[in-house]
Amino acid sequence: MTQNSWSKVAVLAMAFVIGSALASRAESLAVRNCTWCHGGSAQGYTPAPRLAGQRYQYLENQLVNFHAHTRDNPLSRQYMWGAAANLTPQSVRDLSMYFATLPPQAAHDGNWASVALGKTIYQEGMPDDNVVACVVCHGPNAEGIAQIPRLGGLQYTYLKRRLEQWGQGYHAAAGPPMPDISSRLSAQQIEALASYLSFIK
Amino acid sequence: MHAWRSATAVGLRAAFLAAVLTAAFAGSGRADDVQAKLGYCKDCHGPSAQGYRGYMPIPRLAGQQPQYLENQLRAFIEHRRTNNIMFNVAHALKPGMVAALAESFRKLNPPPIGGAPLGLIAAGKNIFENGVPDANVAACAACHGPEATGSGEIPRLAGQLYPYVIKELTGWGHERGQIPARADTSAIMSPVAHSLTKPQIEAVAAFVSELR
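Chains as they are written, first to last, in our numbering: chain A, 29 to 229; chain B, -19 to 192.
With the rest of the complex left out, here is chain A (with noise of 0.2 Å):
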């Protein structure tokens, strides 16, 4: 065999040692470079989200947005931007399902006191206020649906720097109504949904 032949047989092995270690789920190098960070089953490690049982088009939806730089707070510049840069459209798909496959649970750490408020809230908006209820759209036990995000246990911390930033300015990968409504909301009513959400299992 030429030194040419060898190479070639080389790229192909190579190949195919990726191609498994992708294709065998839990070992693959693309999800150990998520899960360094968003916890080892996925369950989330602050500041990262959980993602295990995030509805699929809405994790696809933050990848494709994160290599494009549309979702653009300060953590998404600092480590999605990055993260997301080489992803081709198939590990964007094949990441997504993944983790929308994993099992949720719930993160427990909001603050129970402000958890009736945030009840309130969610089910049933303020009309008053002009805010309207998060169950519409976001489903009576916050699992999402499609593009609309399970919120349902994931990390108060997050929750509540989330909310914030709509209103804050920051872009994201969905479009209206959030930045609208979020900006709606005082700090003390926030406080209370980011708590509330991350209690449900």
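Keep in mind the hints are simulated off the structure, nothing from the lab.
Quick caveat, the model's predicted, so the values are computed rather than measured.
Virtual Cβ for every residue (Gly too), placed ideally from N, Cα, C.
One thing to keep in mind: the hints can contain errors.
Said to hold, decoys possible - Here are the in silico distance ranges between beta carbons for each label pair: (1) Thr150(B) x Thr148(A): 27 to 33 Å; (2) Asn63(B) x Trp64(A): 43 to 49 Å; (3) Ser119(A) x Ala16(B): 41 to 47 Å; (4) Arg192(B) x Leu57(A): 48 to 54 Å.
The hints should help you fit chain B onto chain A, whose structure is shown.
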């Protein structure tokens, strides 16, 4: 004496409710209040009131008949139409708001959001235009108009969300006309919704959801 007192109490309560409703449904709201409330409606119903598929299907309000919108908001308040979310929403509307909102929605004309199985449209068109004579279902077009734009208290169906139309026709008797003693126009649709089969409902929903 007791009977008289309670009758007076009921009468007063009814008069109060009537006064509150009259205030909410008449006159014109302040312009900035209306804009804020409009933004609130659009948070769920879409920036052009084109409707939105959240966890629950949220209906299109764009181009809707003002009389129909007004009737539904009253029905939510009076529990003739059950919907906890919309009860809260309708209950908080201040004087003059309803007419101003309804007029604003009437003027909007965004394209339908789509998403229905296009293969069902031909069958749906047939039902919409000719009804289902064997099942005693009249042509939808007879009341809702050939373009499905509605009229007065009869709603526009053109561009309405596919899953929303299915949800309404499937659960008609569980959601609308919930106070038999106070029958409203929803009674007209009751036998129609009941007589349509699930595939027929899906076909009609697909057809109207794509109409501009």
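Enumerate the violated hints, using their earlier numbering and listing them in ascending order. none
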